[in-house]
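Trainee: Sequence lines, in order, name chains A and B.
The working numbering puts the first residue of the first sequence at 1, with every later residue one more than the last.
The working numbering puts the first residue of the second sequence at 1001, with every later residue one more than the last.
Everything hinted at is true.
Below, in silico cross-link-like pairs of lysine to aspartate or glutamate (DMTMM-like), each with a Cα-Cα straight-line distance of 20 Å or less:
#1 K369/A <-> E1012/B
#2 K369/A <-> D1304/B
#3 K369/A <-> E27/A
#4 K1181/B <-> E1153/B
#5 K1376/B <-> E1286/B
#6 K1330/B <-> E1318/B
Calculated directly from the structure, the hints in this document are not laboratory data.
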Amino acid sequence: MSTDTPAGQARPGGRLLAGLRDGDRRERLLLGLSAPLLALVTALAITSAVMGLTGDNPFRAFEVMADYGSKSDSQVWIINKAIPYYLAAAAVAIGFRMNLFNIGVDGQYRVAAFFAAVVGGALSLPGVVQIPVILLTAMVCGGIWAGIAGYLKASRGVSEVITTIMLNFIGGSLIAYFLQEGRLAERDENIVHTEDIPSSSWFFEFPTSPDPVHGTILIAVAVGIVYWFVLGRTRFGYDLRAVGRSEPAAEASGVSVKRTVVTAMLLSGAVAGLVGMPTLLNESGNYGNDFPEGLGFTGIAIALLGRNHPVGMGFAALLWGFLERTGTQLEFEGYDQEIVGVMQGVIVLSVVVAYELVRRWGIRRQQRKVGEQLAAQSAAGGPNGPKGPHDSAEVSA
Amino acid sequence: MKILYGMQRPDEGVITVDGEQVVLRSPADAIARGIGMVHQHFMLADNLTVLENVVLGAEKLHGIGAGARRRILELSDAYGLGVRPDLLVEEIGVADRQRVEILKVLYRGARTLILDEPTAVLVPQEVDALFGNLRELTAEGLTVLFISHKLGEVLSVADDITVIRRGTTVATVAPAGTTPKRLAELMVGSELPTPQTRESTVTDEPVLTVAGLHLSGRDADGLLREVLADIDFTIHRGEVLGIAGVEGNGQAELVEAIIGIRQPDGGTIALAGQDVSHAPTRTRRERGIGYIPEDRHRHGLLLDAPLWENRMLGHVTEPPNSRGPLLNAKGARADTERIVREYDVRTPGIEVTAGSLSGGNQQKLIVGREMSHRPKVLIAAHPTRGVDVGAQAQIWDEIRRARREGLAVLLISADLDELIGLSDSLRVMYRGRLVASADPATVTPEELGTAMTGTAGAGVGTAEPGTETKPEPGTGSGPGEEG
Chain A
1 MSTDTPAGQA RPGGRLLAGL RDGDRRERLL LGLSAPLLAL VTALAITSAV MGLTGDNPFR
61 AFEVMADYGS KSDSQVWIIN KAIPYYLAAA AVAIGFRMNL FNIGVDGQYR VAAFFAAVVG
121 GALSLPGVVQ IPVILLTAMV CGGIWAGIAG YLKASRGVSE VITTIMLNFI GGSLIAYFLQ
181 EGRLAERDEN IVHTEDIPSS SWFFEFPTSP DPVHGTILIA VAVGIVYWFV LGRTRFGYDL
241 RAVGRSEPAA EASGVSVKRT VVTAMLLSGA VAGLVGMPTL LNESGNYGND FPEGLGFTGI
301 AIALLGRNHP VGMGFAALLW GFLERTGTQL EFEGYDQEIV GVMQGVIVLS VVVAYELVRR
361 WGIRRQQRKV GEQLAAQSAA GGPNGPKGPH DSAEVSA
Chain B
1001 MKILYGMQRP DEGVITVDGE QVVLRSPADA IARGIGMVHQ HFMLADNLTV LENVVLGAEK
1061 LHGIGAGARR RILELSDAYG LGVRPDLLVE EIGVADRQRV EILKVLYRGA RTLILDEPTA
1121 VLVPQEVDAL FGNLRELTAE GLTVLFISHK LGEVLSVADD ITVIRRGTTV ATVAPAGTTP
1181 KRLAELMVGS ELPTPQTRES TVTDEPVLTV AGLHLSGRDA DGLLREVLAD IDFTIHRGEV
1241 LGIAGVEGNG QAELVEAIIG IRQPDGGTIA LAGQDVSHAP TRTRRERGIG YIPEDRHRHG
1301 LLLDAPLWEN RMLGHVTEPP NSRGPLLNAK GARADTERIV REYDVRTPGI EVTAGSLSGG
1361 NQQKLIVGRE MSHRPKVLIA AHPTRGVDVG AQAQIWDEIR RARREGLAVL LISADLDELI
1421 GLSDSLRVMY RGRLVASADP ATVTPEELGT AMTGTAGAGV GTAEPGTETK PEPGTGSGPG
1481 EEG
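The shape of chain A in the complex, shown without the other chains (with noise of 0.2 Å):
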């Protein structure tokens, strides 16, 4: 697939392959925006298809949808919506990546953000220095967080689908005991949070009107850089790429799985431990029992439909915060809000079935064609091969 390459970015090498590299690229960029599409598509008419049947009109939904997803309001919503959604895909993609199921993002940016609020509480220093312990706290303890998971995996090969799964509990668990009155938080009427962050340590704000753009969308957007970056262009990116595609192959080329396991884990979990400073450090300055949970879900959901592709997720996350946005004034309109749900859910399917379409027509395309390059070129005479000279000599049967 066009995402599992940094290609596009490179520039011919070679003079003799240059013109059928273009040609190639062109339809690797376009059969890589053909599933996306393919799979909207598909997701509209089956969301169409579920309101007709309950009596619904789909086309006005739509229009309701675009017309209210479109104001500007609603714009900076949805931007700021996405950044959390953006950095919990970014972390489930650093595990997929390498085929490790991190499916304990969610876990990890809690217990990342409420000792990060807790930190942040509990001292008073220069923004310029509180902020960057904060984010330094939340990744240490996202990356700890999942990295137990990566340790039992590499030493015992436990199964990291399942520890995640258990620490996300322990997780809980262990910031409820935490959260409590007369421990690290105090009360507000309803609500329990943690000492409030200073004023000075809140993270910038863009003063976009009518209201402001979090300053944290630069953290998702230099994480995407780096994310990028370290996959696509460093040898340990292509380490934990060769380890995702064929563990005994990496193995047999030197690279060491287990080390390359625990390491995933640690950025996972330190890219997940950032999760949460969108909503700490713009919106709520603590974390109470009121910090939004269930992002790493979300977040698996968007990188599954971003294709783990730093600007595919992007949008993805971006869609994301549209459909949320836009299916609460569905309600007001007298649709079900629900109809939102099932449509995100018709997306990520459809998703998976048009990957996996596209994927397999690529393959067989590229098969034929080497195929039909073989035949040309032993209709030639075999003009690629100077060292064979069984090619020249043609059959006399």
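Position chain B against the provided structure of chain A, taking the given hints into account.
Mentor: Same frame as chain A, now just chain B:
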């Protein structure tokens, strides 16, 4: 083959079974028509037992219990397959797995058997046994489609021979009216390649020294067992050391111990005088161990990755693949194009996935990759298994060329002609030990085959266990022509 077995659909043309034109949409269609296939790359579920693998997908025939077991043992006895139904497939060796594959096909009541390179994993004696079975099958009215690169086998077992080259039927001949030489010419389109090595290039400068290597593991019954014991050998610059042996006698483990995937519990491995017994795999490969793995799909390639990313595999820390911690995609791409050109890898470009190339071209890519880093020693495990004759000749040429330039090669192969032809000295491996040594200039495949079963035959000297038998420089320096 894939089309006949319903895995791929033809663009045009027709298939006729028993005079009836059929369309095979899936393997299930093919099986329903009595066509069964034994794949070159086994299609077995490792974590199921032999019995479960055989019944899988054919539960309706004899159930999954006693009936199935009875039928399996019946078939196994009838054709001398010696299958033990209750072992897990992951616990049995390659040769046994193949017998399970054959049994699977018979179990489904196939009337037409497609065998893809079935003899690659068998010793000559076992090949003869298999051929006996095949003749029995054909005598009972079954049809066998036997696909092989080994001409002698085709000639001895087939009633009719069709030569296919690059997807086209080149000729159809009767075995009585042709010779191996003529067949090979049809296959290659020119002269018959021979694996013979002409003059000795062996020096007395040791490159890879393995001493007292010992490795234990658990066998099929969970008992602690010696997988490797008392392995001693030295390979010198310019020497090819061949290891003969029935598969599953520790060859794969030996390779993995040298590469650093398995940690031996005794003995030393030294590369050019430096002890690498405890060095990680990457260090060993950086210091000059090239590796052509036995199973290229599992250990040698990333099938879903484009060729140029595969070119980095195993050498990602070395130029032209990277600079410092960063990848050098441009350098790797340019060098992949060079490999494609120089090693005649037939592909429309370097962006296609490795999985879409044919076996021979995949192997040429691997050989090109390993040779491009000028290894001191090359571990070649079955380097020409499942590749076409043209690619085979090229790979042999490449090994010979590198040997002339001072490469040391550890050659492990089930192809005895290849072993005898390429090696400067030969060892026989049996139950994890090097039990005998042979002079490739005088030994015959039959003698080697006998030694591989654990009984030393004429012309094969038994090595004293525990004492290092030094391969004398000059061994195998004779003309090497075996006829």
